[in-house]
Amino acid sequence: MSDGPGPSTLDPGAGLQPAPALLPSQRPGRPPRAITRRRPRWTEWLIERGIFGVSLVSIVMIFLIFAFVAREALPVILGKTNNSRAQKQIPADQIANAKPEALAAYLGMTVAELKNYDAETLKTLVELKGEELAHSTNPDAALNTTTWRMMFQPYPWHGYDKPEYIWQPVSEVPKYNVVPLFIGSLKATIIALLFSIPLAVGAAIYVSQLANPRLRELIKPMIELLSGIPSVVLGFFALIVLATWLHVVFGYPSRLNAFVAGIALGLAVVPIIFTISEDALTAVPKSYAQAALALGASPWQVAWQIVLPAAIPGVFAACVLGFGRAIGETMIVLMASGNATIMSASIFDSCRTMTATIAAELAEVVFGGDHYRILFLLGALLFAVTFVANMVGDVVVHRLKASLEGKG
Amino acid sequence: MKSTMLKQLTVGATTLGLAGAALAGNITVKGSDTMVILGQKWAEVYMKKNSGQTVQVTGGGSGTGIAALLNGTTDICNSSRPMKPSEVADCVKKFKARPHEYRMCMDGLSVYVHSSNPLSQLGIPQLEKIFTGKVTNWKDVGGPDAPISLYGRENSSGTYEFFKEHVLNKADFAAATKTMPGTAAVIQGVAKDKNGIGYGGIAYGEGVKHLKVSKADGGEGIEPTEENVLTGKYPIARYLFNYIAPAADEGAIKEYIKWCRSDEGQAVVKEVGYFPLPKNLR
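Protein chains in written order, with my numbering: chain A, 1 to 408; chain B, 1001 to 1282.
To be clear, the hints were calculated from the coordinates, so they are not data collected in a lab. Where hints are given, some of them may not hold.
Only some residues are given here: those of chain A computed to face chain B with a beta carbon under 10 Å [unchecked claim]:
1) 108
2) 113
3) 121
4) 127
5) 129
6) 131
7) 166
8) 173
9) 334
10) 338
11) 365
Anything over 10 Å on all C-beta distances counts as not near chain B; from chain A, calculated [what the hints assert, rightly or not]:
12) 45
13) 51
14) 90
15) 182
16) 216
17) 229
18) 233
19) 239
20) 242
21) 296
22) 302
23) 345
24) 370
25) 396
All residues carry an ideal CB built from backbone N, CA and C; glycine is no exception.
Assemble the whole structure, with the sequences as input and the hints as a guide.
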């Protein structure tokens, strides 16, 4: 036991579960009770089924939500949408000569729908379509910008010098490249985690291992209170106060940027990571710490080298949950990030996240239009990212646990 | 005896209230964020004059208002830009006729910079280069050697589209443009950023400096004053519109719009900080 004793050398047989507490009936000097007056079994069965039902409902809800989001995005995912405007113009006086199929396709409706309109209305519609086509002189108008290629790869757009990733959904030629939004989300999330994990885990170690009980009772609720602050208030604070402070301290050019948003996000994530890490650290059997202390380790050594490694699966799980919260958070990033769709590696540049984009744009899009579907695609992507992160996190937690218990 | 009288009074009051409610219409107005202040002021004055009539005004952006008009969730759509042909086509499909368009007042789009910025005017071509990202340093337009920090509106905004069409010649805004929810947020951003530049309605603008705008670079800088806007001298002036479904253009809604466009309504326009319609258009 010189330096850094691995947890696996510390009585692996004991596992991480604390020893079962004595049941009231087993305590010496008390007559056994409760045993004789058990509930009838069928109610227990009913309660158990009820709980099972509730958990089933939540699982079904998750699948339903995903199915709904994915269904709205399906035409885009399958490449069934086409917003190309390469149509030949039909003059208003030629309506009578045009085939119904051609006319319907020209006006973006089905042949059956065509019958709903009288000649006068149709003429107006054809005139308006002509106006719309005459309006656009951009050579890119013939492109279908809703394909996978356009959404994920750079393209040399008209008016730009080189191939670029552009998100400009309201434009003469709508540009739906989601890469800048993805980068924006990742940037804000990574900064948030880099800021909050050391803070939250450090606080958890201090509160669970080193602080005296009175201080613990003060600090713990205070940090947990932070999770009660509505994100819109945190966002407002970041927009008005935090952005100005950080701007003065760091002196970067753009006042609202990924860094400010990340720090504010970090504040929202700290209580989550803190609470779960603290629970994990407290759950480490006291015998570990006592054994180390008896061998002459200092409290700090015990906390850092014995308890933290033993609780690492729980701490890791806390970080994964923190990641989920950070990447899904909307209001803070909407207010503090500046929302510019730039592709840049600098954390002091403004960024636009996927969540903020959905929040800012979903209210005004045409129901069922391309823009609407691509926003849902963003939602599905976000869902997939958090799902994969949670799954990877779960696998890692299990591996860590197994290796801690000496089975790895 | 006293209690009976009280009862009668209560009953009377309730009946009156009910009668009032039955007579009253409820008009909903939705759309342009630029027009929210104006719309709310109009509604306030109008409701004071016509008790029993309620007018609810909300923002969200011109695009949102037009979508709401199409979905039938608003009576009147506020828009700070004319409808696009594709939107008119959607209305025609829905209402079987073109929507009714009313010009409500005039607005000069202002360009704001931080109050410490030494520049006093910019030309439209310079603004185009700045907002499309071709010029990224203030020294290229005669200012200090500092990077330009762009502030703009969300793409649901009519101001966004008006600026894009009339200043940027339909080109895209630079990707580095920070998009803010509402003109007030743009002002707030510019007021706190010494390299900032933004655009928005004339009625806003506490704490920032309004630039004069010239048609050509280095030309005569025009201030967004009432005279310059009404005579069309100011290069980025526009009408603010109301759109309604053709079938709804009667009764209380028609009265309300008529009142807004009357001398009395146009006095409110001036009070809020926009420019009243020329006499011949009222």
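Cross-check of the supplied hints:
1. 108: With Cβ-Cβ at 9 Å, under 10 Å, it holds.
2. 113: holds (9 Å)
3. 121: holds (5 Å)
4. 127: holds (9 Å)
5. 129: holds (6 Å)
6. 131: holds (4 Å)
7. 166: Holds, about 7 Å.
8. 173: Interface hint status for residue 173/A: holds (9 Å vs cutoff 10 Å).
9. 334: holds (7 Å)
10. 338: Constraint on residue 338/A satisfied, holds at 4 Å.
11. 365: holds (8 Å)
12. 45: For residue 45/A, whose nearest Cβ neighbour in chain B is about 49 Å away, the distance exceeds 10 Å, so it holds.
13. 51: holds (41 Å)
14. 90: With a cut-off of 10 Å, residue 90/A remains clear of chain B, as the shortest Cβ separation is near 14 Å.
15. 182: Per Cβ check, residue 182/A is outside 10 Å of chain B; nearest 14 Å; holds.
16. 216: holds (40 Å)
17. 229: holds (20 Å)
18. 233: At roughly 16 Å from the nearest Cβ of chain B, residue 233/A sits farther out than 10 Å, so the non-interface label holds.
19. 239: violated (8 Å)
20. 242: Given a closest Cβ separation of 12 Å, the condition holds.
21. 296: Holds: least Cβ distance 56 Å, greater than 10 Å.
22. 302: holds (48 Å)
23. 345: Holds, since 14 Å exceeds 10 Å.
24. 370: Holds: least Cβ distance 13 Å, greater than 10 Å.
25. 396: Fine: 36 Å to the nearest Cβ keeps residue 396/A off the interface.
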